[in-house]
Amino acid sequence: MRSFSAALAALALAATAFSASVTTPAIAASSERLVIGISQYPSTLHPSFDSMLAKSYVAGMARRPITTYGADWELTCLLCLALPTYADGTAVDEVAEDGNPGLAVSYELKDGMVWGDGTPITTKDVAFTWQVGHERETGIDAYELFRRIDRVVLHDDRRFTLHINKRTCDFQGIGDFNLLPAHIEGPIFAQGASDYKVRTAYQTDPTNPALWFGPYRVAQVVTGQRILLERNPNWWGPAPYFDEIVVRTIENTAALTANLLSGDIDMIAGELGLAIDQALAFETRHGDRFQMIYNPGLIYEHLDVNLDHPALGERAVRQALIQAIDRQAISDQLFGGKQPVANSNVNALDSVYHDGVPTYSFDPQAAQTLLDEAGWRTGPDGVRAKDGQRLSFSLMTTAGNKSREQVQQVLQAQWNAIGADVAIKNEPPRVFFGQTVSQRGFDGLALFAWLSAPESIPRTTLHSDQIPTAENSFTGQNYTGYANAQMDRVIDDLETDCAPESQTQNWQALQSLYARDLPAIPLYFRANSYILPKNMRGLTPTGHQYPSTLWVEEWRLAE
Amino acid sequence: MLTYAATRLGESLIVLLIMSFLVYGLIGLMPGDPIDLMISANPDFTAEDAKRLKAIYGLDQPLALRYWHWLMGALQGDFGYSRLYQQPVWDILWPRLGWTTVLLGASLMLTVAIAIPLGVLAAAKPYSALDYGVNLICFAGISVPPFWLALIVILAIAVPFQAIPAGGMGAADADLWERARHLMLPVLTLTLASIGGFTRFMRGAMLQALRQDHIRTARAKGLSRLRVLTGHALRNALLPMVTVVALSFGTLFSGALITETMFSWSGMGRTIYEATLGNDFNLALVGLLTATGFTLVGNIIADLLYAVLDPRISYRDGGAQGEGGG
Chain Z
39 MRSFSAALAA
49 LALAATAFSA
59 SVTTPAIAAS
69 SERLVIGISQ
79 YPSTLHPSFD
89 SMLAKSYVAG
99 MARRPITTYG
109 ADWELTCLLC
119 LALPTYADGT
129 AVDEVAEDGN
139 PGLAVSYELK
149 DGMVWGDGTP
159 ITTKDVAFTW
169 QVGHERETGI
179 DAYELFRRID
189 RVVLHDDRRF
199 TLHINKRTCD
209 FQGIGDFNLL
219 PAHIEGPIFA
229 QGASDYKVRT
239 AYQTDPTNPA
249 LWFGPYRVAQ
259 VVTGQRILLE
269 RNPNWWGPAP
279 YFDEIVVRTI
289 ENTAALTANL
299 LSGDIDMIAG
309 ELGLAIDQAL
319 AFETRHGDRF
329 QMIYNPGLIY
339 EHLDVNLDHP
349 ALGERAVRQA
359 LIQAIDRQAI
369 SDQLFGGKQP
379 VANSNVNALD
389 SVYHDGVPTY
399 SFDPQAAQTL
409 LDEAGWRTGP
419 DGVRAKDGQR
429 LSFSLMTTAG
439 NKSREQVQQV
449 LQAQWNAIGA
459 DVAIKNEPPR
469 VFFGQTVSQR
479 GFDGLALFAW
489 LSAPESIPRT
499 TLHSDQIPTA
509 ENSFTGQNYT
519 GYANAQMDRV
529 IDDLETDCAP
539 ESQTQNWQAL
549 QSLYARDLPA
559 IPLYFRANSY
569 ILPKNMRGLT
579 PTGHQYPSTL
589 WVEEWRLAE
Chain L
162 MLTYAATRLG
172 ESLIVLLIMS
182 FLVYGLIGLM
192 PGDPIDLMIS
202 ANPDFTAEDA
212 KRLKAIYGLD
222 QPLALRYWHW
232 LMGALQGDFG
242 YSRLYQQPVW
252 DILWPRLGWT
262 TVLLGASLML
272 TVAIAIPLGV
282 LAAAKPYSAL
292 DYGVNLICFA
302 GISVPPFWLA
312 LIVILAIAVP
322 FQAIPAGGMG
332 AADADLWERA
342 RHLMLPVLTL
352 TLASIGGFTR
362 FMRGAMLQAL
372 RQDHIRTARA
382 KGLSRLRVLT
392 GHALRNALLP
402 MVTVVALSFG
412 TLFSGALITE
422 TMFSWSGMGR
432 TIYEATLGND
442 FNLALVGLLT
452 ATGFTLVGNI
462 IADLLYAVLD
472 PRISYRDGGA
482 QGEGGG
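Heads up: the sequence lines are chains Z and L, in that order.
Under the numbering used here, the letters of the first sequence match residues 39 to 597, in that order.
Under the numbering used here, the letters of the second sequence match residues 162 to 487, in that order.
Just chain Z, same shape as in the assembly (with noise of 0.2 Å):
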């Protein structure tokens, strides 16, 4: 046995050796097709159901949101002329038909924009788009959306005005308001709202060309493995590249780069591909074949801290456990520090980021020092205690998932040096998000990530008004239980108060606030690993929720 043993791990590496020796730089083929490797696959491609990342990136390259967020963190139209603004009368304060303050926004759409089937992409859609998104029944994922807007005015075939309900600063951006063709989707929808989901062309019939207009649009579809796009020659932008893009689907990350090694896909997207252990295993490699980027970007690593929790609930210990972590040293060892260490929920590369937040570098003698002189002393056991209260509390974060697993190890170890008794207790995904974290069930900390857009501001998860309970049937995203009047203050004024030193001032409230109290412990900006053809060219990583292929036109080879 352990000779067959010897035999197999030989053959493991000669196979590994071999790959190993096929040290040719990875070259795309050719300007025919591309095949990118991803590692999840959309539940539908209608744009209004189920959002999901793989769906975003599939697209991104065969439609486009009205507004979206360039790689530059900045606002910006892709359908429409220009955003609207107070200066130039295209926002405008009004009172909604309910009595409260509203606003009136209009858009231009750009000249000779057309679907896939060359019909022009006109204000008919944009209300057809309304009503499918207003009607409740329908059950699209950005409801809200569309209930604030209580009505659209066509102005001519490009303009047109919403008049939304509440007066907020982020209206601006429409990014979820997704463009529906009326001229196909009208009489699905017309035969009723409640079952529209499952009748919708894009599901019955997704390959048809009316459908899309992005540069690519969707050619054929194998459910679960492949999403072949082509060409779009009603088109109006730059023409792309590729004639041919094909994503296919390949949920296990070992797989996915045995495929990359083998020359099945191109490249792997570092929207849906890697790990960032992964990519920098895969690097030590292969690296010399592939081009490698990391992108640190919105996905904001941290740890949720249950506040009743009767030692995590006081603000010295949270701040004595911070202080008494090394985040730098944990990118550096485990991440090659390729994710930068976070201190307040709001990324360094945000425009809303205040550089003048409370900072917490690695001071385990401060932390002691914290916890003494709230009174936590140090017990028979090594285990600081106050009250009869041990300083105790468990640590838990979605099983499996190999680099929160070795953070833990990491984070356990510091604490305990400075007296407090961690209990790591993971749990399945499905568990772990589905009951103990969204029911505040964790009896400590909970280690796990948001992804938000730019300049998002935090309500749901900040907002004491957005804390779950048995009352509110476990809605809201507070899993902390974080209640802070100031808080709560800052951004109700920041939903509403748009003066540009006021957005400034409450911005920085905001984040000062969050790095005093910590109602979660801030940890480090993920970041995205793209591996690519040593000859690709042209694809900028954005770090947001917006993908990297809506501006697939701009990817191409170098000659």
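Don't take every hint at face value.
[Claimed, not checked] Which residues of chain Z face chain L? A few of them, derived with a C-beta cut under 8 Å, are:
{"hint": "1", "residue": "G262"}
{"hint": "2", "residue": "R264"}
{"hint": "3", "residue": "I337"}
{"hint": "4", "residue": "V469"}
{"hint": "5", "residue": "S476"}
[What the hints assert, rightly or not] No more than 25 Å apart at the CA atoms, straight line, and that leaves these computed lysine-lysine pairs for DSS-like:
{"hint": "6", "chain 1": "Z", "residue 1": "K424", "chain 2": "Z", "residue 2": "K440"}
{"hint": "7", "chain 1": "Z", "residue 1": "K376", "chain 2": "Z", "residue 2": "K572"}
{"hint": "8", "chain 1": "Z", "residue 1": "K148", "chain 2": "Z", "residue 2": "K162"}
{"hint": "9", "chain 1": "Z", "residue 1": "K204", "chain 2": "L", "residue 2": "K212"}
{"hint": "10", "chain 1": "L", "residue 1": "K382", "chain 2": "L", "residue 2": "K286"}
{"hint": "11", "chain 1": "Z", "residue 1": "K93", "chain 2": "L", "residue 2": "K382"}
{"hint": "12", "chain 1": "L", "residue 1": "K212", "chain 2": "Z", "residue 2": "K93"}
{"hint": "13", "chain 1": "Z", "residue 1": "K424", "chain 2": "Z", "residue 2": "K463"}
{"hint": "14", "chain 1": "Z", "residue 1": "K424", "chain 2": "Z", "residue 2": "K376"}
Since the hints were made in silico from the structure, they are not lab data.
Glycine residues also receive a C-beta, built at the ideal position from the N, C-alpha and C atoms.
We have chain Z already, so just place chain L on it with the hints.
Chain L only, in chain Z's frame:
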């Protein structure tokens, strides 16, 4: 025998009904529903959104009521829609059932074709170097984790020989050769992983058959070693082997999760797994019931084959009886 088969079929239907209730209940007991999963992934999801969607999808109703609605629909041929794919459940399952059958059928045939001669060879010369060698291969095949085996197969074959795909199933309109190319590595992996068990079983059955009196008699009559092995021992040893193969019939339709995942093969195993994790009640339930149903059918076929292949067994009066009427 007809009465016996009808009785067994009736029992199987009852088992399926009980299974449907148990599976539905167990999936329902898993924490979180589809909307909870959406909430946990999107910080912009509001409480109003969650309540609205739960009401639309009926997730605010008690589990028993949801099961009742599903059962009534299923009895009328409406098995519901898949949440993950937004298509009728059978539109998803039929092709996958086909792909799984192709993959596992090819692997089973190859496995049996290799395992029988290997088992016979090992039994013909027990405790020889050949026997030890075959045993070594068998135990290795049984012991090696399939995911690791799949990776090794990809690295050792697909990387150097790029004409053989490392995974996937090819384009929607792929021809037979294209499909066959994509089938090579998963079939090889499954065969390597399952050949050990079949070979060991065949070896054991042959050793037992070779100890029978009639074999000694045949040898005493001066028959050649080959004739004794193939003409007398093998025929008897194949009886239990046929039963094992018939029992494997059910697995043809339940899929091979790890191999399907590693090679991105859209089969039943991967589909049921994804449906369960993704809280796709209808797809998981119908997928599991289909696999259960085929396993039950496989069991019935195996039982019936006993009577066909072994004249000492009959199914008079609806029950199995041995030659002595026990």
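- request: Return the numbers of the hints above that this structure violates; sort them in rising order.
  value: Hint check: 3, 6, 11 and 14 fail, others pass.
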